[in-house]
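*Asks:* Spelled out, the chains give:
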Amino acid sequence: MDVFSKPKFFANNTKGENAELLAELNSEYRDRRKDAVKRVIANMTVGKDVSGLFPQVVKNMQTEDLEMKKLVYLYLMNYAKSNPDLVILAVNTFVKDTDHVNPLIRALAIRTMGCIRVDKILDHLCEPLRKCLQDDNPYVRKTAALCVAKLWDLDQERAIDNGFVTTLQDLISDSTPMVVANAVIALAEMQESSVNKDVFVVNVAVMNKMLAALNECNEWGQIAILTSLAEYRPLDSKEAESICERVVPRLQHANGSVVLSAIRVLMIFLRYIRNDEFTKGLIKKMSPPLVSLLASAPEVQYVSLRNINLILQRRPDILQNDVRVFFCKYNDPPYVKREKLEIIIRLCNDKNVDQILSELKEYASEVDVDFVRRAIRAIGRCAIIIDEASERCVNVLLDLINTKVNYVVQEAIIVIKDIFRKYPQRYEAIIPTLCQNLDSLDEPEAKGSLIWIVGEYAERIENADELIENFLETFLEENSQVQLQLLTATVKLFLKKPSQSQEIVHRVLQTATQEIDNPDTRDRAYVYWRLLSTDPQAAKAVVLSEKPPISVDSSANNLSPALMDELINNISTLASVYHKPASAFMGNKAFSADAVRKAAVADARDEEQIMGEDNVTSPTAPAASAPKNAMADLLDLDFGSSEPVATPVMSPPTSNSNKSGPNYSADLFDMSSDMSSGGGSSVFGGMGGMGGMSGMGGLNSGFQQNQNQNTATSPTASRNDAFGDLAGLGGFGQPAPAVSQPKPISSTQSSTVNDLLDLF
Amino acid sequence: MISAFFIYNQKGEVLISRLYRQDLKRSIADIFRIQVISNTDVRSPIITLGSTSFFHVRHENLYIVALTKWNANAALIFEFCYRVINVGRSYFGKFDEEAVKANFVLIYELLDEVLDFGYPQNSEADTLKMYITTESVKSERAVMEDSAKITIQATGATSWRRSDVKYRKNEAFIDVIESVNLLLSAQGNVLRADVAGQIMMRAYLSGTPECKFGLNDKVLLEKDPSNRRKTSNTVEIDDCQFHQCVKLGKFDSDRTISFIPPDGEFELMRYRTSDNINLPFKVHPVVIEIGKSKIEYRILVKANFSSKLYANNVVLNIPTPLNTAGVTCTASSGKAKYVPAENSIVWKIPRFQGQSEFTLTGEANLTAMTHKKAWSRPPISMDFQVLMFTSSGLLVRFLKVFEKNNYQSVKWVRYMTKAGNYQIRF
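So the sequence lines, in the order shown, correspond to chains A and B. If you're matching positions, the first sequence starts at 1 in the UniProt record's numbering and goes up one per residue. If you're matching positions, the second sequence starts at 1 in the UniProt record's numbering and goes up one per residue.
Be careful, since some hints might not be right.
[Claimed, not checked] Some but not every residue of chain B turned toward chain A, in silico, with C-beta under 8 Å:
1) S53
2) N73
3) V105
4) C240
5) Q244
6) Q355
7) S376
8) P378
[Unchecked claim] To be clear about the criterion: a stretch of chain A counts as covered by chain B if any three or more of its residues have a C-beta under 8 Å from a C-beta of chain B, and this derived list gives those stretches:
9) 109 to 122
10) 255 to 268
Derived from the structure by calculation, the hints contain no laboratory data. Just so it is clear, the structure is predicted and the values come from calculations on it, not from any experiment. Ideal Cβ positions, reconstructed from N, Cα and C, are used throughout, including at glycine.
Go ahead and model the full structure; you've got the sequences and the hints to work with.
*Replies:* Okay, here's the thing in C-alpha cells:
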C-alpha cells in the first residue's frame, strides 16, 4: 500500500475529475485502479457525489486483494440505494465470497450484504446467511448473528420465515463468548421492534447462559449482556441476590461503561432484594467504583456524574462520606464542574456543611461567570436545606456582596431573597447592606428580588418609601418583570404604611394603567386599583397574605418516583444523562409528538396525585387537568411548527433539579421554548433564552400557576401557590393577574377575584 | 447503536464519515459543523438536535464524533470514542489530522471492523493488528498468521493474546506509576489528597503464561493470619480496576490477581487510595497584595521524601493577575521567570534532593485597572516526578509466572510518583 507516498487523496479537484476517475477505474493496471478507488472513497468522504461511477467501481469487486475488496464494499454500502438496479451485478461476487476459504472474507461478505438495503439483495441473502450462521468459524458466526438483525430491520417476516430468529436464539448457547454477545445484541434490538415481543424473552435459562458468558466475553459484549440482564425479573429476593453476586465483580472493570452497566443491573435488582444486610453490603460495594469513575475521561465523568445524581436520589446513603471527591478542580471542564456542584449540594448535610461552604465561597471567586453564579445559588440552597447553617450561609453571602463584583452581588441578592422566603423575619438586619448595592443592580431578576424584599419588609425599613421612589424614577424603562415587582411592592408599602405612600401608589397605578402597553403590567395595576378602591381589607388579604415558605422538602428537588424508576432502568444511557424519559428526545423516531403529549399529560396527572398526597389540606382542583391539557396542546403546536428544522431540543443540565414541582411538564415547556428559539442557537444558548428560569426552579411552575389562575379555577395545590409571587418575577409573558393567592382562601374572596377578572 | 461515526478537523471538514444505520443521511455531518464546531458557546459533550444526539470528543486537532438516534448507552459511546483514539495511536503513533488523512483507507477498514451495525466489536489494537495491516505494521509481524486461527482467537475467551508467542529470554517489567492529587486550602488544610495509581506491565513471555500478582494490599494481607505481623506496612486500596485479562470473579472472591497477559505493554491495573498519603512536597505560599499596584510573593517548597531520593523536572506555576506589568523574582535554586502568556511565574527546578527546601521571592507590579473586579487568585499548581517512591506506600510483593514449559522468567519492578492535580490555594 502506498498511502504514505501519495497522501494527496484529498487534493483539490478539477471539474473533469469524475471523467478522469472513470478512465483510471478502467485501467489495465491494478495499482492504478486501486488508487482510483481510493480517490473515489476520498471524494465520497468529503461529500461529493460519485454515484455515477457505480458500474466501474463494482467491476473491481472481484479481486483477491482484500484491501481493494473492502474499499469497493464501502462504496457499495453508500451508493447501492441510488443504483438499485445495478446492485445485482455485485450479488454473484457476494455469494461466492460467502463460500471463500478465508473466514475473514466470508465474514466481510455477509457483513456487507446485510448493509445493502436493496430488496434485490435480500432475495440472495438468505441462503448465504443460513450457511454463515452454522459456520465452523466463530468469527463468521458472530458476524452472521448481527446480520440477522440487519435483515430483521428490512423485512421481519422474511427473518421469521427463514427460521433465523430461532437459530439466533440457539446461538445464545454457543461455545464462543463473542457469538453469544452478538446474538444477545441482535435479539435485544429485534425484540424492541417486534410486534409480539416474543423474540427475546429473558427467562431463567437464557439468564443463566448469559451469566456464564459474562465472564468470558470482551468488554462490549459484557455491556450487551448486562443490558439484557437488566430486563430479567427475578422470582424472589434470593435469586436477585445471587445474580447481583455474579455481577458485582464487573465493578472492577477498567472500562467505565461496563461499570455503569453493572451498576444499572444492581440498582434494578436492589428493588427485589428484601435482605437488608445484603442491600447494605451491596451499596457499600457500589460507592468506590462510582468514585473511581471520576478519574476517567471528562466526557465519561460527565455521564457518570449525571448518573450519580440519579442514584443519589434513589439511595441517598451512598457516597455519604465522599463529598470531597466531588470538589471541583480548577481545570475541570465547565460541564463537569456544574455537575459536581449539583452533587455537592445533594451530599450536603449538617456535618459537612462548613467544608462545603468554604469550598463554594472559593468557587464564587473564579472567572467563569456562569459557574460563579451557580456556586452562589448553591450557597442559597445549602441555607434552605440546612436550617442550622443558614446563618453561616448568609454571612458567606454578605462577604461575597462586599467583594462588589457586580454579577456576584446581583446573584447573591437573588439568593438572599430565597432565604428570606424560607426564613421570614430572621435576617432583616442585613437589609441595609443589601440596599447599599441598589445602584449596581442592572439585571431584572436581581432588581426584582431586592424590590420584593423592600416591599415585603416595608414596615421595618424606615426609608422604604424613598427606596421605592428611587426605583420608580425609571419605572417606564424597566423590564416588565421589574415593573410587576415594583407595582406589587408599592401596593404592599401602601397597605403597610398608608400615610407615607398614598401619593406614590396613586402615581404608580396611574402610570401603569395609562402609559404602559404591556398587558400584564397594566392588568395587574387595574386589579390592584379596583381591589384597593372597593375593599381595602380584601386587598390586604390578597396582597399581604402569608406565603407558605418555599419548599425545602428534598423530595421537591427530585424527580417523580415513576420517572425515577424509568431513569434507573436507563442508567448510563442518554435518558439518564438528560434525566428525561427516552421518548422526550427520541422525537419522531419511535414516538410521535402526540405520544409525547400523552405522556406529558399522564405524567402531569401523576404529579398531581403526588402533590395531593403531600398536601392533604389543599383541595386538588378538578379543573386543573384542563389547563394542563391546554398547555400540552400548545406545546404540540410548537412541536408541529418547528419539527422540520433541526432545532436544539434541550440541554442536559436542566433546572429541574432545583425546587420545581411538576418536573416533566415544566421540562416540556423548556423544550418547546428552546425549539421556538430557532435552529441557530446552541443548546445552552437556548437555556439562556429562558431568562431567569434556572435561577429559581420555582419559576417553572410559575407558568402553570399563571395558567391556572387565568382560568380562575379554585386554588391550586399549595406548592404551586407558593410560587405565585415568583411567577411575577419570572415574567413569563402570560396574561397573569398574578396576585399571590393566600392558601386558605375563602370562597367569597376567590369569587371577588373572579369577579374582578370578569371585568376585563 | 451508533448510527454514524465522523472525524472532523478543526475547521469542520469531514475527514472520515461512516454511516452504520440507515436512519441518518450523510448531510447530518453539516449540522454538527454548524451547531458545534462553528459555535463557540457549546458547553456540553452531548448535544441533541431534533432526535439525533451527537457525542463528541476532542483529540489533538480532531473532533471524534459519534451519532445516534437511539437512547444509546452514553458511557459506552464515549469509551468507544477514546478506544478509537487509542487504536489510532497504536497504529499511527499519533492520531491527528495528518495521520487520519494519510491513512484514511486503513481507518475505514478499522471502523468496519470495530463497529458492526453500530455495535462495538473487537477493539484491541493488538488483535486488530493481526488481520488489519499496513506496511509498517506488517513488518512488525514477520509471519502472517493463518486467518482461521486469527479469527478464532479474536472471538475467543483470551482475545487479547496470540497463542504462539515465543521469546528466547522471558522477561516481565512492572511499572508502578502514581499520580498524587492534592488540593490544599489557603489556610494550609488538606481539602483533598488522593493517589491514582497505574500498574503498567510489559510482558515478554512465551506461550500462554498464567500470572499471579501480589501487592501489599491491606484487605488481602489481613485475611491471612500468618501475615498478621507484617500488616503495619500495608496499603488500603479504596478501589481498583483491571485490564480485561484479569479474572474479576477470582479477585472478588479471594482478592488474588491472576491473569493471562497480552503480549507486550498494557495497563494491568488502576487503583485509587486516599488513606495515609505521603505528600512528596510541602508548599508554603505567602502572597500579599500591597495596594492596587504590587503583589509580593514568598513561596517555600520542601521535599518531604528520603534524602537518598530526588525528584526530577519540578515545576511550579505561580499565578499572577491579568494586569501584571512585570515581575522581578529570585529563586534559591532552579530558574524562575514570568511567562506573560500563561499569566504566571514558572519556576523550574531540574533536580530536587529529598529533604531539601527552596524559596522563591518575587514582586509583581500591576498596571492600573479601570474595573474593580478582584483578582480570583487561581491556585499554584505543581509538577514533578520522583523515582522509586510511592506516595501511597504501595509495594509489589510478587509476580509469579506459571507456564506449561516451566521456563525461568526475569521480573523487574520500578516505582514512580508524579504530580496529578497538585494544587495549592493561597
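*Asks:* Does each hint hold? Answer for all of them.
*Replies:* The hints, checked one at a time:
| no. | hint | in the structure |
| --- | --- | --- |
| 1 | S53 | holds (6 Å) |
| 2 | N73 | holds (5 Å) |
| 3 | V105 | holds (6 Å) |
| 4 | C240 | holds (6 Å) |
| 5 | Q244 | holds (6 Å) |
| 6 | Q355 | violated (29 Å) |
| 7 | S376 | holds (5 Å) |
| 8 | P378 | holds (6 Å) |
| 9 | 109 to 122 | holds (count 4) |
| 10 | 255 to 268 | holds (count 6) |
Checked against the numbered hints given earlier, the structure breaks only hint 6 and satisfies all the rest.
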